[in-house]
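*Asks:* Sequence order for the protein chains is A and Z. Using our numbering, you'd call the opening residue of the first sequence number 6 and step up by one each time. Using our numbering, you'd call the opening residue of the second sequence number 366 and step up by one each time.
Please note that the accuracy of each hint is not assured.
In silico PhoX-like links for lysine-lysine, alpha-carbon gap of 25 angstroms or less [unchecked claim]:
#1 K54/A - K609/Z
#2 K686/Z - K121/A
#3 K684/Z - K374/Z
#4 K380/Z - K447/Z
#5 K52/A - K729/Z
#6 K404/Z - K422/Z
#7 K52/A - K136/A
#8 K133/A - K27/A
#9 K375/Z - K119/A
#10 K121/A - K638/Z
#11 K119/A - K638/Z
#12 K119/A - K684/Z
#13 K374/Z - K121/A
#14 K605/Z - K638/Z
#15 K111/A - K638/Z
#16 K843/Z - K758/Z
#17 K731/Z - K703/Z
#18 K35/A - K121/A
#19 K414/Z - K375/Z
#20 K374/Z - K609/Z
#21 K51/A - K27/A
#22 K137/A - K52/A
#23 K375/Z - K703/Z
#24 K48/A - K101/A
#25 K111/A - K27/A
#26 K27/A - K121/A
#27 K48/A - K144/A
Partner residues are not named here, just some residues of chain Z that face chain A (Cβ under 7 angstroms, in silico) [stated by the list, open to error]:
#28 I469
#29 G694
#30 M830
Here's a subset of chain A near chain Z, in silico, CB distances under 10 angstroms, partners left out [unchecked claim]:
#31 S12
#32 N16
#33 E20
#34 A33
#35 F36
#36 Q39
#37 L55
#38 G76
#39 Y79
#40 Y95
Since the hints were made in silico from the structure, they are not lab data. Ideal Cβ positions, reconstructed from N, Cα and C, are used throughout, including at glycine.
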Amino acid sequence: MHLQTASQVINYAVELEDKSTKFYEDLAEKFEEQRETFLSLAKENKKNKLLIQRTYNEVVSDALETGFSFGGLYTDDYLIEINLTQNENYSDALSKSLEIEEKIQKFYVNTAEKSKSFLADVPRIFEKIAKKRDERKEKLKSLL
Amino acid sequence: MAILEEPIKKTLLLKNYIGGEWVESKGEFHDIINPATCKTISKVPSSTKEEVNEAVKKANKAYPEWRRTPPLARVRRLFQLKELLEENFEELSRIQTMEHGKTIDESRGETRRGIENVEVAAGIPSLMMGYNLEDIATGIDEYLIRQPLGVFSCIAPFNFPFMVPLWFAPYAVATGNCVIIKPSPRDPISQVKIAELVDEADFPPGVWNIVQGGAEVAEILLEHSDIKGVCFVGSTPVAKEIYKRCGQMGKRVIAQGSAKNFILIMPDANLEKTIPALMTSFFGNTGQRCLSGANAVVVGKDDVFYKNFVEAFLSAASKIKVGYGLDDGVQMGPLQSKKAKERVLGFIEKGVSEGAKIILDGRKVKITGNYPETCFLNPTIFEEVTVDMSIAKEEIFGPVANIMRAKDLDEAIDMIHASRYGNAASIFTSNGKFAREFQYRVKCGNIGINIGIAAPMAFFPFSGMKDSFFGILHGQGKEAIRFFTESKVVIQRWW
Chain A
6 MHLQTASQVI NYAVELEDKS TKFYEDLAEK FEEQRETFLS LAKENKKNKL LIQRTYNEVV
66 SDALETGFSF GGLYTDDYLI EINLTQNENY SDALSKSLEI EEKIQKFYVN TAEKSKSFLA
126 DVPRIFEKIA KKRDERKEKL KSLL
Chain Z
366 MAILEEPIKK TLLLKNYIGG EWVESKGEFH DIINPATCKT ISKVPSSTKE EVNEAVKKAN
426 KAYPEWRRTP PLARVRRLFQ LKELLEENFE ELSRIQTMEH GKTIDESRGE TRRGIENVEV
486 AAGIPSLMMG YNLEDIATGI DEYLIRQPLG VFSCIAPFNF PFMVPLWFAP YAVATGNCVI
546 IKPSPRDPIS QVKIAELVDE ADFPPGVWNI VQGGAEVAEI LLEHSDIKGV CFVGSTPVAK
606 EIYKRCGQMG KRVIAQGSAK NFILIMPDAN LEKTIPALMT SFFGNTGQRC LSGANAVVVG
666 KDDVFYKNFV EAFLSAASKI KVGYGLDDGV QMGPLQSKKA KERVLGFIEK GVSEGAKIIL
726 DGRKVKITGN YPETCFLNPT IFEEVTVDMS IAKEEIFGPV ANIMRAKDLD EAIDMIHASR
786 YGNAASIFTS NGKFAREFQY RVKCGNIGIN IGIAAPMAFF PFSGMKDSFF GILHGQGKEA
846 IRFFTESKVV IQRWW
């Protein structure tokens with residue numbers, strides 16, 4: 006799907022946060038020894054979601070190019086797989102989480118760039134979350 | 366494609382909000398239709414003369430005590446209202462989409478701009494201050510104080526059902542006046558929802574009132590001797606009439622009228638960045654705003670630049686996704702009503718018959734999703750438009766763009782000045798001299814430089830010139846404070 010409007014972009018960001026929250030909650034359930042770590046990541050995702058929605062609602066304006074400035078963003082580029090199969094072990098799950106973080110980070114970086122000229126504060130929040138996602142990858146790698 | 370949940374599940378029977386009570390009207394009711402789905406979402410009355418008079422009476426009764434309420438206490442009601450508007454942000458936005466047709470991004474943007482006026486008005490303890498000078502003569506001091514006047518009315522248009530009354534009402538009540546809002550009879554639900562929050566915010570009864578109805582209700586408000594001032598946004602003939610009548614009756618007035626806005630594209634414009642801004646300008650809110658671009662004037666003799674511009678403009682407009690505004694991928698919603706669509710169709714036909722070349726025909730309706738075509742049109746673009754054609758002169762209020770040419774900036778400015786309207790004009794350029802010249806010379810109230818919709822923020826006045834505005838002071842910001850207050854000068858000496 007081609008994301009073209011600010012509303013679509015924000016909804017998709019929320020969807021990514023929701024999906025990755027679910028993923029980490031599943032990991033917490035499956036891998037008891039890292040339960041707290043995974044739950045803290047899920048909690049952080051929930052905070053990200055609220056932050057994104059609040060920031061967008063605070064700066065959105067009907068007079069700016071919210072409907073026409075996101076050309077070139079396709080959800081296919083950021084699809085994430087969150088389901089864990091029975092056979093996947095801890096290491097597989099962590100590899101999957103790294104892939105998820107990579108995709109989500111890429112989404113935030115690209116979207117921040119496209120919204121820079123007209124959605125005050127939203128790009129800053131996207132960049133902030135992208136940076137957090139980058140730091141998170143290091144954290145996940147250390148668990149491998 | 367994600368269709369957001371509709372907040373209105375069953376037909377609402379709208380009431381008046383008079384003296385802090387929800388009062389059922391004895392007037393005739395008519396249906397409010399969601400222009401995208403064509404389903405009835407509410408029934409709105411046309412209030413009787415007695416009901417309107419009762420609203421004025423209650424507002425007038427509330428005034429003395431509200432006026433004596435310290436500004437800080439008045440402002441606390443506004444802070445409370447702001448909190449409630451934030452809490453209900455999404456519902457309020459979706460209601461606008463349901464009753465007006467605009468996209469959800471546009472509705473959220475409208476909600477935000479409305480709330481910003483409540484925020485600015487909350488600065489009244491500072492904004493309402495007067496000034497003074499000691500010793501204007503020996504032992505004599507002089508000072509100016511600002512005082513409220515009484516009851517104001519706001520007669521609102523259909524194109525921004527949530528925001529426009531908030532250009533006025535928060536300032537009116539913050540300065541100690543009472544207000545009666547008459548929403549547009551075409552999309553009155555948003556104002557009812559705001560009044561519900563006003564009620565929850567515990568404004569004293571009678572300070573903020575809503576009376577439903579059309580021109581006949583406006584007429585009563587206009588004529589009523591206890592109404593001290595009128596704020597109107599709508600068409601030029603009505604604005605002119607209201608201005609005249611208010612003048613005769615000694616009422617204060619802000620009367621905003623129609624527009625026909627020119628957008629100049631200079632040969633040095635950055636087309637990549639200009640095109641999305643032009644899409645918003647010409648087709649945002651389905652062209653139903655007084656700041657919309659209407660005439661795109663490509664300046665210069667460079668045929669290659671002209672061709673490139675037309676191609677890019679056409680390509681972007683033809684890709685606009687039209688549909689129900691609650692589908693978050695939709696970029697343009699329907700016209701607000703079938704009648705509004707018919708009016709636009711009439712202009713398109715006029716354009717064709719007057720010899721303009723139609724290069725994108727929005728009459729061939731293509732909608733995303735399964736909705737009746739009743740109120741929908743796709744974007745239309747005319748080329749080879751000249752200033753004498755009706756499509757170039759008259760306000761169409763729909764998604765129709767006219768492409769024109771001017772040999773240089775002087776000729777383009779002359780074209781703007783040939784219009785009877787002076788609401789807004791924009792220039793797209795990389796050249797500071799062109800921009801400065803444009804800003805300096807163009808006789809329009811709101812100027813955009815590389816901005817498609819020159820919409821003033823809440824802390825600036827919403828300006829307008831020529832036949833687009835009748836009055837002296839404007840809505841929003843400091844000018845609104847002056848409009849809603851009397852300047853009283855005191856000179857004192859003590860022996």
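*Asks:* Confirm or reject each hint.
*Replies:* Here is what the structure says about each hint:
As the CA atoms of K54/A and K609/Z are separated by approximately 53 angstroms, the hinted pair breaks the 25 angstroms bound. About 23 angstroms separates the Cα atoms of K686/Z and K121/A, which keeps this hinted pair within 25 angstroms; it holds. Note on K684/Z and K374/Z: the hinted pairing is violated, with a Cα-Cα distance of about 32 angstroms set against a maximum of 25 angstroms. Between the alpha carbons of K380/Z and K447/Z the distance comes to roughly 23 angstroms, so the proposed pair stays at or under 25 angstroms and holds.
The suggested pairing of K52/A with K729/Z is violated, with an alpha-carbon distance near 45 angstroms, which exceeds 25 angstroms. Pair hint K404/Z plus K422/Z does not hold up; C-alpha atoms about 36 angstroms apart against a cutoff of 25 angstroms. For the hint pairing K52/A with K136/A, the CA-to-CA distance comes to about 15 angstroms; that is within 25 angstroms, so the pair holds. Taking the CA atoms of K133/A and K27/A, the gap is about 22 angstroms. The hint holds against a cut of 25 angstroms.
As the CA atoms of K375/Z and K119/A are separated by approximately 39 angstroms, the hinted pair breaks the 25 angstroms bound. A hinted pair counts as satisfied when its Cα atoms are at most 25 angstroms apart, and K121/A with K638/Z qualifies at roughly 12 angstroms. Taken as a hint, the K119/A and K638/Z pair is honoured in the structure, with Cα atoms around 11 angstroms apart against an allowance of 25 angstroms. Taking the CA atoms of K119/A and K684/Z, the gap is near 19 angstroms; set against the 25 angstroms cutoff, the hint holds.
The hinted pair formed by K374/Z and K121/A fails the criterion: a straight-line CA distance of about 37 angstroms is larger than 25 angstroms. Among the hinted pairs, K605/Z with K638/Z is inconsistent with the structure: their alpha-carbon atoms are about 38 angstroms apart, more than 25 angstroms. At most 25 angstroms may separate the alpha-carbon atoms for a hinted pair to count; K111/A and K638/Z meet this at roughly 23 angstroms. Taking the CA atoms of K843/Z and K758/Z, the gap is near 33 angstroms; set against the 25 angstroms cutoff, the hint is violated.
Taking the CA atoms of K731/Z and K703/Z, the gap is near 16 angstroms; set against the 25 angstroms cutoff, the hint holds. A threshold of 25 angstroms between alpha carbons decides the hint, and for K35/A with K121/A the separation of about 40 angstroms lies outside it, so the pair is violated. For a cut-off of 25 angstroms, the pair hint linking K414/Z to K375/Z is broken: about 29 angstroms separates their Cα positions. Of the supplied pair hints, the one linking K374/Z and K609/Z is violated, its CA atoms being roughly 43 angstroms apart against a limit of 25 angstroms.
A distance of roughly 10 angstroms separates the Cα atoms of K51/A and K27/A; the hinted pair therefore holds under the 25 angstroms criterion. At most 25 angstroms may separate the alpha-carbon atoms for a hinted pair to count; K137/A and K52/A meet this at roughly 12 angstroms. Of the pairs offered as hints, the one joining K375/Z and K703/Z holds, with about 22 angstroms between alpha carbons and a cut-off of 25 angstroms not exceeded. Taking the CA atoms of K48/A and K101/A, the gap is near 19 angstroms; set against the 25 angstroms cutoff, the hint holds.
For the hint pairing K111/A with K27/A, the CA-to-CA distance comes to about 20 angstroms; that is within 25 angstroms, so the pair holds. Note on K27/A and K121/A: the hinted pairing is violated, with a Cα-Cα distance of about 30 angstroms set against a maximum of 25 angstroms. With a C-alpha separation of about 16 angstroms, the suggested pair K48/A and K144/A falls inside the 25 angstroms cut-off, and the hint holds. Of the supplied interface hints, the one on I469/Z holds, with its beta-carbon coming within about 5 angstroms of a beta-carbon of chain A, less than 7 angstroms.
For G694/Z, the shortest C-beta to C-beta distance to chain A is roughly 5 angstroms, which falls under 7 angstroms, so the interface hint holds. Here the hint on M830/Z is broken, as its CB sits about 19 angstroms from the closest CB of chain A, past 7 angstroms. Checking S12/A against chain Z: minimum C-beta separation of about 4 angstroms stays under 10 angstroms; hint holds. Interface hint status for N16/A: upheld, as the beta-carbon distance to the closest one in chain Z is roughly 6 angstroms, under 10 angstroms.
Residue-level restraint check for E20/A holds (minimum Cβ-Cβ distance to chain Z is 9 angstroms; threshold 10 angstroms). Residue-level restraint check for A33/A is violated (minimum Cβ-Cβ distance to chain Z is 28 angstroms; threshold 10 angstroms). Hint status for F36/A: violated, given a least beta-carbon distance of 33 angstroms to chain Z, over 10 angstroms. With its C-beta approaching chain Z no nearer than about 33 angstroms, Q39/A sits outside the 10 angstroms limit, and its interface hint is violated.
With a cut of 10 angstroms, the hint placing L55/A at the interface with chain Z is violated, because the nearest CB-to-CB distance is about 13 angstroms. At about 8 angstroms, the closest approach between the beta carbon of G76/A and any beta carbon in chain Z falls short of 10 angstroms, and the interface hint on this residue holds. Hint status for Y79/A: violated, given a least beta-carbon distance of 12 angstroms to chain Z, over 10 angstroms. With 10 angstroms as the threshold, the beta carbon of Y95/A stays out of range of chain Z, its nearest partner Cβ sitting at about 35 angstroms, so the hint is violated.
Checked against the numbered hints above, the structure breaks hints 1, 3, 5, 6, 9, 13, 14, 16, 18, 19, 20, 26, 30, 34, 35, 36, 37, 39, 40 and satisfies the rest.
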